[in-house]
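For the protein sequence lines, the chains are A and B, in the order given. The numbering used here puts the first residue of the first sequence at 62, with every later residue one more than the last. The numbering used here puts the first residue of the second sequence at 366, with every later residue one more than the last.
Everything labelled a hint here was simulated from the structure, so no lab data went into it. For clarity, every value in this text was computed on a predicted model and none was experimentally measured. Treat each hint with caution, since some may be false.
No farther apart than 30 Å at their CA atoms in a straight line, the calculated lysine-lysine pairs in the BS3-like style are these [said to hold, decoys possible]:
hint : chain 1 : residue 1 : chain 2 : residue 2
1    : A       : K78       : B       : K459
2    : B       : K457      : A       : K330
3    : A       : K156      : A       : K178
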Amino acid sequence: MPMVLLRCDKDIPEREKHIYLKAPDEDTRTYLPLANAPTIPGTLSERGCAFCGAKLVIGGVLKDTIQMIHGPIGCAYDTWHTKRYPSANGHFQMKYVWSSDMKEPDIVFGGEKRLEKSMHEAFEQMPEIKRMILYTTCPTALIGDDVKAVAKRVMDARPDVDIFTVECPGFAGVSQSKGHHVLNIGWVTEKVGTVEPTITSDYTINFIGDYNIQGDTQLLQQYWNALGIQVIAHFTGNANYDDLRGMHRAKLSVVNCARSAGYIANELKRQYGIPRLDVDSWGFNYMAEGIRKICAFFGLEEKSEALIASEYEKWKPKLDWYKERLKGARMAIWTGGPRLWHWTKAVEDDLGVQVVAMSSKFGHEEDFEKVIARGRDGTYYVDDANELEFFEIIDAIKPDVIFTGPRVGELVKKLHVPYINGHGYHNGPYMGFEGFVNLARDMYNAVHNPLFKLAQTDIRGTAEVELKEAV
Amino acid sequence: MTTLTVNQLLAYVQERCLWQFFSREWDRTENIEGILGKAADLLTGTPLTLETPMDRLFYADAKVMVDNLRGRFPEIAELPAAEVQGLISDLKVKVTEIAVTQSRNRELTQKLY
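Same shape as in the complex, but just chain A (with noise of 0.2 Å):
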């Protein structure tokens, strides 16, 4: 089957590249979506700007750092509190949003003495806190403050802050990706390697790309206690900034989000000859698989096996429980990119639920890859999907359920089709083996929702509605 000329697209035929549905005995080889590639003009992407991938997606995460958005108050407040990382510092990180707020008389005579104000206030206002990952935006990069030689004003002022300065702006790459990319080769080329972290165990990892999706990390931390593993870094979730300065002196980086983390990883690899083990963390089959894997490395094979066993004891009983109901059941994914190939073959292993149809926002070739090569026949891959899209692809497969943003999710509502969010979770987490029957169930309440098949009642029966003009 050929890459897919949607009956929505027949205006801008250059989205035949970017789906494609696949067919039995194909492969990578023949067809791939085009991806990370710009928007066609006019289309109603879902995507978000590369700013939003530094700051929302890995530096926003870090529960010490004070996030100071030199931009008008909007690229802030946009990027705050739209994704549920919690901390176990009682959350400062979501709880506070800082800006240097940009006006028009700033863009016009320049904005460098309003960001040294801003920053100084907000060390005033918090002396707790000494660390800060200063972001450019649209506007401040395109009238070329100098936020560098700022935050290097600021230091010297300051001899006991940290500052980590992202030159991101929204309009420097296609999608989010590029905000990954600039923050993961930034921080190992500036800050690891400049903090030396206390060693407690043989046994050290960085785990990258997990940013505590309503506690993602902390529910895996459990396992790493119990192996005697040591987490150097949490590439971020629940982290301080001073752990990622460690990052140089872990023994393994293990790697779940590949796609916005995998960069740092090469390189610690590359610079540091730190091993890069890339592991799924949603599914029961594929978790136990990276604990097994974690644990060969370190000679550790018989506490793995015992960690599972008792996981399994816990957790199967119930995840099978949701099995029985869930089998048979259409997913669609719309995330971001990696949750396409993480989760497509764990909902069908674990659940019974077969992937229909899938897109992804940020992902580049390698995701498709990934994601072809572990998924269905007959299932949809989209990149950068657009509105008339989702719909005419929800005609077409009829989903059960579909994991995407609130964005997105709020739309297909209107359609009575439920959908879970995929980005920040319902009720996580949902890595690990608890995590995974919180997504069942959440899949469960959405499949069998009775509300939705009451809401497509049309009570009115066959009376005709007396409609009438407003007056």
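Fit chain B to the known structure of chain A by using the hints.
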């Protein structure tokens, strides 16, 4: 002669193994050589070299792969070493074609990460 085919092994690798799709051509080639090399050693009972961190990494991935292959294809345990080596060697060729030489991924040959 075994009825087990290289395509059955390839289907397993495609479905389960993230290491085949690392970021760049050189990473993928290194993984294919390293992990499938260790898998062949495990399947044929050849003594393993686990001196470097990369040796241990390849072993970790290969061990899970071999355990899974033994579960899916019990006949693999009965195969003579030469036949196992032949299958793994053919598998390397196939995975390399899909993930490296015939991949349509435009980022594979970029010099930087």
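Subject >> Hinted pair K78/A and K459/B, Cα distance within 30 Å >> reply: holds, 26 Å
Subject >> 30 Å limit on alpha-carbon distance, applied to hinted pair K457/B and K330/A >> reply: holds, 23 Å
Subject >> Given hint K178/A paired with K156/A - CA-CA distance at most 30 Å >> reply: Holds. K156/A to K178/A sits at ~22 Å (cutoff 30 Å).
Consistency with the previously given hints is maintained throughout, with no hint failing.
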